[in-house]
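Two chains, two frames, a set of hints: combine them into the complex.
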Amino acid sequence: MLTLLLLIVPLIAGLFLLLNKSKSNFTPVVYIGIAVQLAIFVYAFINFKSNPSLLNFDKAWLPDFAIRFHLGLDGLSILMVGLSVVLVSLILLAVKGLKYENMSHLLGLIFLTQAALIGVFSAKDIFLFYFFFELALVPVYLIANFWGGENSSKITFKMLIYTVFGSLFMLVSFIFLYMRGQSSDIDSLRVTVTLLPNAIKQVLFWGLLLAFAIKMPVFPFHTWLPDAYSQSPTPATMLLSGLLSKMGVYGLIRILLPFAPDGINNYGGIVITLAIIGLIYGSIIAIKQSEIKRLIAYSSFAHMGLMAATVLTLSVSGMQGAIFQMVAHGFNAVGLFYIAKLIFEKTGSRNLAQLGGMTQTAPKLSIMFMIVLLGSIGLPLTNGFIGEFLMLKSVFDFNTILGVIAGLSVIFGAVYMLRFFQKTMFGPLSESATEISDIGSKELAILIPIAIVVIVTGVFPNLILNVSGTFVNTLTNLVR
Amino acid sequence: MYPIIVFSVSGLLMLFLGLSVNKKSLLPYNLLFMLVGLASNFLDWNAPGLYFNGMLEISNPIILVQWVLIFAAILVSGISSRQFDDTHAYPAEYYAIMQFALVGALIMVSFQNLLMLFVGLEILSVGLYVLTGSDKRNLRGNEAAIKYFLMGSFATGIFLFGVAMFYGATGSFDISSGNSVANNLLEGKMFFWLGMVFIFIGLLFKISAAPFHFWTADVYQGAPTVFSAFMATIVKTAVIFALFRLAAYSFNLEYENWSKFLVIIIGLSMVIGNVTAVFQTNFKRVLAFSSISQAGFMLLSLIGLGAQSYGNLGFYSLSYALATISAFGVFLVISSNTIVEGRPSENINVFDGLFSRNPDLAIILLISMLSLAGIPLTSGFWSKFFVLNDAAAKGYFWILILGVLMSAVSLYYYFNPIRASFKKTDLGKIEISSLSKYTLYVCAALTILFGIAPNILRSLF
Chain A
1 MLTLLLLIVP
11 LIAGLFLLLN
21 KSKSNFTPVV
31 YIGIAVQLAI
41 FVYAFINFKS
51 NPSLLNFDKA
61 WLPDFAIRFH
71 LGLDGLSILM
81 VGLSVVLVSL
91 ILLAVKGLKY
101 ENMSHLLGLI
111 FLTQAALIGV
121 FSAKDIFLFY
131 FFFELALVPV
141 YLIANFWGGE
151 NSSKITFKML
161 IYTVFGSLFM
171 LVSFIFLYMR
181 GQSSDIDSLR
191 VTVTLLPNAI
201 KQVLFWGLLL
211 AFAIKMPVFP
221 FHTWLPDAYS
231 QSPTPATMLL
241 SGLLSKMGVY
251 GLIRILLPFA
261 PDGINNYGGI
271 VITLAIIGLI
281 YGSIIAIKQS
291 EIKRLIAYSS
301 FAHMGLMAAT
311 VLTLSVSGMQ
321 GAIFQMVAHG
331 FNAVGLFYIA
341 KLIFEKTGSR
351 NLAQLGGMTQ
361 TAPKLSIMFM
371 IVLLGSIGLP
381 LTNGFIGEFL
391 MLKSVFDFNT
401 ILGVIAGLSV
411 IFGAVYMLRF
421 FQKTMFGPLS
431 ESATEISDIG
441 SKELAILIPI
451 AIVVIVTGVF
461 PNLILNVSGT
471 FVNTLTNLVR
Chain B
1 MYPIIVFSVS
11 GLLMLFLGLS
21 VNKKSLLPYN
31 LLFMLVGLAS
41 NFLDWNAPGL
51 YFNGMLEISN
61 PIILVQWVLI
71 FAAILVSGIS
81 SRQFDDTHAY
91 PAEYYAIMQF
101 ALVGALIMVS
111 FQNLLMLFVG
121 LEILSVGLYV
131 LTGSDKRNLR
141 GNEAAIKYFL
151 MGSFATGIFL
161 FGVAMFYGAT
171 GSFDISSGNS
181 VANNLLEGKM
191 FFWLGMVFIF
201 IGLLFKISAA
211 PFHFWTADVY
221 QGAPTVFSAF
231 MATIVKTAVI
241 FALFRLAAYS
251 FNLEYENWSK
261 FLVIIIGLSM
271 VIGNVTAVFQ
281 TNFKRVLAFS
291 SISQAGFMLL
301 SLIGLGAQSY
311 GNLGFYSLSY
321 ALATISAFGV
331 FLVISSNTIV
341 EGRPSENINV
351 FDGLFSRNPD
361 LAIILLISML
371 SLAGIPLTSG
381 FWSKFFVLND
391 AAAKGYFWIL
401 ILGVLMSAVS
411 LYYYFNPIRA
421 SFKKTDLGKI
431 EISSLSKYTL
441 YVCAALTILF
451 GIAPNILRSL
461 F
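Heads up: the sequence lines are chains A and B, in that order. Take 1 as the starting number for the first sequence in the working numbering and just add one per residue. Take 1 as the starting number for the second sequence in the working numbering and just add one per residue.
Don't read these hints as lab results, they were simulated from the structure.
Quick list of simulated restraints, FRET-style, between CB atoms:
#1 A:Gly427 x B:Pro359: 41 to 49 Å
#2 B:Pro359 x A:Leu38: 30 to 38 Å
#3 A:Ala66 x B:Tyr249: 22 to 30 Å
Values in this document were obtained by computation on a predicted structure and should not be read as measured data. Each residue gets a CB set at the ideal place from its N, CA and C atoms; glycine is no exception.
So that you can see chain B by itself, here it is in the shape it has in the complex (with noise of 0.2 Å):
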C-alpha cells in the first residue's frame, strides 16, 4: 500500500524538480524516488490485511510482485540513462509519468475490488498513451500513441461493460462475489458469463495476447525504446496477476467454461507471435512478437491455477523481464550509435559485429536471447518449465508440445542477434553510459544466478 502513497507523492514532486534541477540529474532523483518505494513496501511484509474499505488487498505473495513491477522500473530508468539528453525531450515528465503508471500497475496486481482494477488499469493506459507520443517528432511515434489510444480505450471500453455486468448479475464488485452465482440458474447466470469474457477480452488485449494483438508492434516500434521496454515489462506483469486474481477470486467456479476458451488464446498467440517473428527485420518488432508469445506462455499458469501457479508466474514475470529489459538495453545503447537518415536506426542488422565493438554487451545480448529462448543456464528456462508444468497439470499436454514446436521456432529469431553480433566489422567500439552498463550487469548476473538455483527467487512465493 505505502509505494503507491510514495509514488503518487512523488510522481508530483518530479514535475516540480523538473522545473528547477537540471535535467541530467532528474534520474538520480528517480531512482532515489523508486528506491524509496520499494523499501516502504516492505513496511506491509507480514501484515496482510484489505485497505481502503476493502479496496485493496495487501499480503506477501502481492507484496512481492509489488517488488516485481517497482525492481523492473528501476531497470528500465537505469537504461534510461542518457536517452534525454537531447533539448526536445522532457524527462521530468516522463519519469513523472512512469511513477503513475507505476502506481496503476501496483493498484492492478492487489485489487479487490473491479473498480480499482478499472482505476488501476486506468491510471497505467493513460500514463501509456502519453509516453508513447512522447517523441513528437517521430511520426511513427504519433501513429503509434494514436493507435494505441484508440484501440486501448475500445478494450478498456469492453472491459468496463464487463464490469457492469458482471455487477448486474452478483451486486457487488467485489472480486469475490463471483462465487455467489455459482448456484443461479442458467438465464441467471448468462450476465455473468457475458461479464467473465468481456472482462477477459479487455484484460487479454492489454497483455497483447492474439487475436486481440494487433496494436502492438507498431506500437513497440513507434514508442521510444525505453517505453517499449516500460510497456514489455511492468504492464505485461500487472495486467497478467489482474487476470490471475480474477480467474482465481472471481471465474474460479467456472475454469471448466473460460480454459477450453483461454487454451485456444494461449494456442494463437503461441503461433502468431513466434511465426510472424521469425519474418521481422526490425529488432523492436521482433520483440513486441517475442511480447505476444511469452503472453501466451504466461497464460499457463491461468490454466494451470494451482497452489505453485502463483510463484510460477512471478518468477515467469521477473525472469522475463529481466531478459527484455537487457534485450532493449543493448539494444538502445547500440541503436543510438547507429544513425541512418537522421534516426536511430532499428533494423536488425545494427548488431552487426557487437562482439568487437563491444564484447561485453554481446554477452548481455547473448545471455537474454538465451533466457528468452528458454535454454538452460539461464532463468528463462525455469520460467518456460514452470508454466509448461502448469498446463501439463491440468493434462492440457496439447498445448505443451505447440508450445515446445513453438520454443524451436523462437531460436530463429532470438539467435539472429546472436549470430549478427559474431560476423566481422570495422566499425568502432561503442561507448555506454556506466549507469545503463551496470544495469544490464545486474539483469545478466541475475539471469544467470536465477538459472542456475532458481530456488532462490522461488522459494519467496
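Isolated chain A (complex conformation) (with noise of 0.2 Å):
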C-alpha cells in the first residue's frame, strides 16, 4: 500500500502542476509533494524489515490476461524507489531555482517522471514493468523538446526511437514468456524460465538484453547519448543520467539475471567485453571534450559500461558494487550537471577553453564542486570509491585481464575529471568571468545534501549494502 502512495503522491503533484493555468502559486504544492513522499518513504524504510506486507499492493489489472497490479519493494526495489525520491526531490528544487519558462509544467513532468519510475522499480509484473518502463521516457522526452535549444527536436527523437526500438525488442520476449509460464509473475515466471529449450533461453537473452542495453547505454549502443544529453535541458539530462539509466542497470539485475541465466553464462564475456570497451572508450573520448556537457556525458556513460559488466559477472561483490554505484553515480551525475548548469548561468559558456578562475570569485560553488568531483573519481572515503572498488575486483576475477584495462578507467577518471576542474576553477580569470557571484542559499541547498551523501556513504558504505545484501545474495545462489 506504501509502495502504491509513493506513486500517486507525484503523479498527483504532477498532474496538479502541469493543469495549473496560474504563472504562480504552484510553489507550495511541490514543496508539499516532496515533503509527503520523504515522509511516506522514511516510513516505508523503517518498516522494510519487520513488516514487508506494509510495501505490498497487488490487485487485479487484467483478470482475463492474469496480469496483476502489483507492486513490493525488497533490498534492491527499495533502494532505487529511494533513489528516486530523493534524488528527483533534489532535481525539482534545483529546476525550481533555474530560469525556465512554464516552470510549473517542467516540475509537473518532473512530478510524472518520478511516478514512472517508482513503478518501473518497484512493479513485480513484467507487464507493469515494461508499461513504466516505456512511459518514464514520455515526459522527459517532452522536457527535451520543449526546454531544450534549437536541436533538441532531432535529437530527443533520436533517443526515443533508439529506446524505444530496443524496449519493444523486451515485450517481445515478454509476451514469449508469458504464453510460455501463463503468468506475468516476476517470480513465478524463474520457474518456466528453467524449463526452456536451450536455443530459445539464448535467444530470449538477446531479447531483454538489448532493451537495457540501449537505456543504459552500453558500447556500442551508445550513440544517442552524448548529442541527447548535451543538448537536452538541465532537467532532462538530470534525469536521464540519474536515474534513466538507472532503470538499464536495474532491468539487468531484475529481468535479465533470472530469466537469462544460461545466456549470460555463454554470452556474458562477449557483452562484458563490449561493455569494458564502452568504459574505456567514453573516458578516452571524455577526455578530449572541450564542452562540459559533453564531458559528463561521456564520463556518465563510461560509468553506465563499467556497471553492466560487474553485474553480467554474475558476482556478490560485482552485484553488490553496481546497486552501490547506481546510487553513488546518481548524486554525482546529478550534482555534475547541476554545477554545469550553474557555471553556464553564470558566465555564459560551456567551453572549458573559456572558462577558468572561478575559484576566485565562486569558493563554494568550487569547494562543492571538488566534494562531487571526487566522489565521481572514486577517492576512497567518498561514495564513488566503494562502487568501484568492488566493481574492479568482481571484473578481475572474472578475467584478469579485463579487470587490468578495467582498472585503466579509475586513471583516466581523474584525468578528464580533474582536467574539468583545472580549467574551470584555477587559472586566470576569464575574461566574461570578471562579474562572477558566488552560489547563493538555494543553490547550496541542493549541494550539500549531495556533498553530505558522498561522503557519508562514502565512510559508512553499509548503510546501503546491508540494504541490498539479502536480495544479492539471494538471486546469486538463484542464478549461478
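Here it is in C-alpha cells:
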C-alpha cells in the first residue's frame, strides 16, 4: 500500500502542476509533494524489514490475462525507489531555482517522470514493468523537446526511437515468456524459464539485453547519448543520467539475470568485453572534450559501462558494487550536471577554453564541485570509491586482463575530471567571468545534501550494502 | 436490432428536416438520433437470439460492438461541427447518409446469413461512395469518389462471386453451413475454398489490407476529412467484425488453410503501411497508410481466434477509433484555419507551433499519436498488446517480431506531428467550436482511461 502511495503522490502533484494555469502559486504544491513523499518513504524504509507486507500492493489489473498491478519493495527496489524519491526531490528544487519558462509544467513533468520511475523500480509484474519502463521516457522526451535548444527536437527524437526500439524487443520476449508460463509475475516466471529449450534461452537473452543495453547505454548502442545529454535542457539531462540510465542496470539485475542466466553464462563474456570497451572508449573521449556537458555525458557513459559489466559477472561483489554505484552515480551525475548548469548560468559558456579562475570569485561553488568531483573519481572515503572497488574486484575475478583494462578507467577518470576542475576553477580569471557571483543558499541547499551523501555513504558504505545484501545473496545463489 | 430500425427511420427524417430546419441545428438533431439509437441498443441487452427469420444474430458481445460503432459515429459527428457551414454543403444529406451507412455497419457485425452481409456491405459502401464525392468542387474528391466506387464495386463483385461459390458448395447462405462441408472430398471442397478466398479478398479490400490497399491513400486524401474519419473507424470496425464472424463460424474448420494466407497479408499490410507512411507529407495520407498498418494489426486477432480474440478486437476497434477520430478532429480544426491556395492545407506542417497556438489541441494530438504508436498510458498500447498476444498464442512469433519492428518504424511518422507542434511560431491562436472541443476531450480522456485501467472496457466483452 505504501508503495502505491509513493507512486500516486508524484502523479497527483504532477497532474496538478500540469493543469495549473496560473504562473505562480505552485510552490506550495512542490514542497508538499516532496515532503509527503519523503515522509512516506522514511516510514516505508523503517518498516521495510519488520513489516514487508505493508509495502506490498497487489490487485488484479487484467483478470482475463492474469496480469496484476503488483507493486512491492525488496532490498534492491527500496534502494532504487529511495534514490528516485530523494534525487528527484533534489532535481525539483534545483530546477525551481533555475530560470525556465512555464516552470509549473516543467516541474509537473518531472513529477510524472518520478512516478513512472517508482513504478519501474517496484513493479513485480513483467507487463507492469514494461508499462512504466516505456512511460518514463514520455515526460523526459517532452521536457527535452520543449525546453531544449534548437536541435533538441531532432536529437531527443533519435533517443526516443532508439530506446523504444530496444524495449519493443523486451516486449516480444515478455509476451513469449507469458505465453509459456501463463503468468506475468516476475517471481513465478523464474521457474518457467528453467524449462525452456536451450536455443530459446539464448534468444531470450539477446531480446532482453537489447532493451537495457540501449537504455544505459552499453557500447555500441551509445550513439544517442552524447547529443541527447548535451543538447537537452539540464532537467532532462539530470533525469536521464541520474535515473533513467539506472533503469537499464536495474532491468539487468531484475529481469535479465533471473530470466536468462544460461545466456549470461554463454555470452556474458562478450557483453562484458563490449561494456569494458565502452568504459575505456568513453573515458578517452571524455578526456578530449572541451564542452563540459559532453564531458560529463561521456563520463556517465563510461560509468554505466562498468556497471553493466559487473552485473553480468554474476558475483556478489559485482552486484553489490553495481547497486552501490547506481546510487552513488545517481547523486554524482546530478550534482555534476547541476554544477555545469550553474557554471553556464554564471559565465554564459560551456566551453572549457573560455572558462577559468572561478575559485577566486566563487569559492563555495568550487568546494562543492570538488567534493562531488572526488566522489565521481572514486577517491577513498567518497561514495565513488566503494562502488568502483567492488566492481573492479568482480571484473578482476572474472578475467584478469579485463580487470586490468577496466582498472585504467580509474586513472582516466581522474584525468578528465581533474582537467575539468582545473580548466574551470583554477588558472587566470577568464574575461567573461569577471562579475561572477558565488552561489547562494538556494544552490547550497541542493549541493550540500549531495555532498553529504557523497561523504557519508563513502565512509559508511554498509548503510546501503546492508539493505541490498540479502537480495543479492539470494539472487546470486539462484542464478549461479 | 433496434438501432437498425431507429437509424433507417431517422435517416429519412433527417432528409426531411433538411428542408425545414436551418443548417446549424441539423447537427444537434443528428446527435439526438444517434443517442436514441445508442440507447435503443440496450433494449436487446441480455436477450440473445436470432431475428428476421434467422438473418441476424443479437447477443451481448454483438451489442457491444454495435455500441462501439454508434459511439464512433457520434464522435465523428462531434468533430464535424462547423464543418458544413458554407453554402455548398448539404449537411442534412450528409448526416442522413451517415445514418444509413451506420445501418449497413450494424448489419455487418450481426449477420447470420451471407446475404445479410452483402446487404450490409452495400448499404455501407454506397453511402460512402456518395460521401467521398460530397465536396463537388474538389477535384481530388471527385477523383477519389470515382476510384473508390470503381474499385469498391469490383471488390463487391468478387465478394458476391465468393458468396455464390459458398452457396454452391454448401447449399445454404447461413454462416454456420460452412461446417457441413468439412468431411467432403477434396473435389467437393474446391468450390468452398474458392468461395472462401473470394469472400476474404472482397472484405480485405474494404478493410484496406495490403495488397488490396491501393485505393486507400487517394480516397482518404480526396474525401472530406470528416468522412475520412468515418471511413477509417466505422468501416474498419464493421468489416473486421464481419471477417471475424466468418472466420469463427464459417471457416473455422479451414483455419489451417486460410491462416497461412492471412498471415502473409498481415505482414504485407504492416510493412507497406508503415514504410510508405514514413514518406508522406500529407497528413491524411499518413493516416491512410497508418490505417493500412492498423488493419494488419487488427487481423492478428483473426489469426488468434481464441476465446479472448473477440474482446481483443473490440478493445482495439474502440481504441483505434478514439485515437483516429481525435487525430482527424485536431487536424480538421487546424487545417481549416490554414488556407493555402484557397483550400485548407493538408500538409503535415500545419501542425507547426500548435502548442503555442492552442495547447489543448496539441496535448490531444500528442495523446492520440502516442495511442496510435502504442506507447503505454494510452489504450493503444493495450490494443497492440492484446492482438500481439493473440498471434503469439498460435505460435506466430515471426509476425510478432515483424509487428514490433514496424511499430518502431511507425514512431517516426506518428511523432512528426508532435515534433512539429512544439516548434516556435508567431501564428495566432486557433479557435475551436465547443462541441468539437468536448468531443476531442472525451476521446483523449477515454484513451488515457483505457490505457490505465484497460479492464473497464475489456471486462465488458
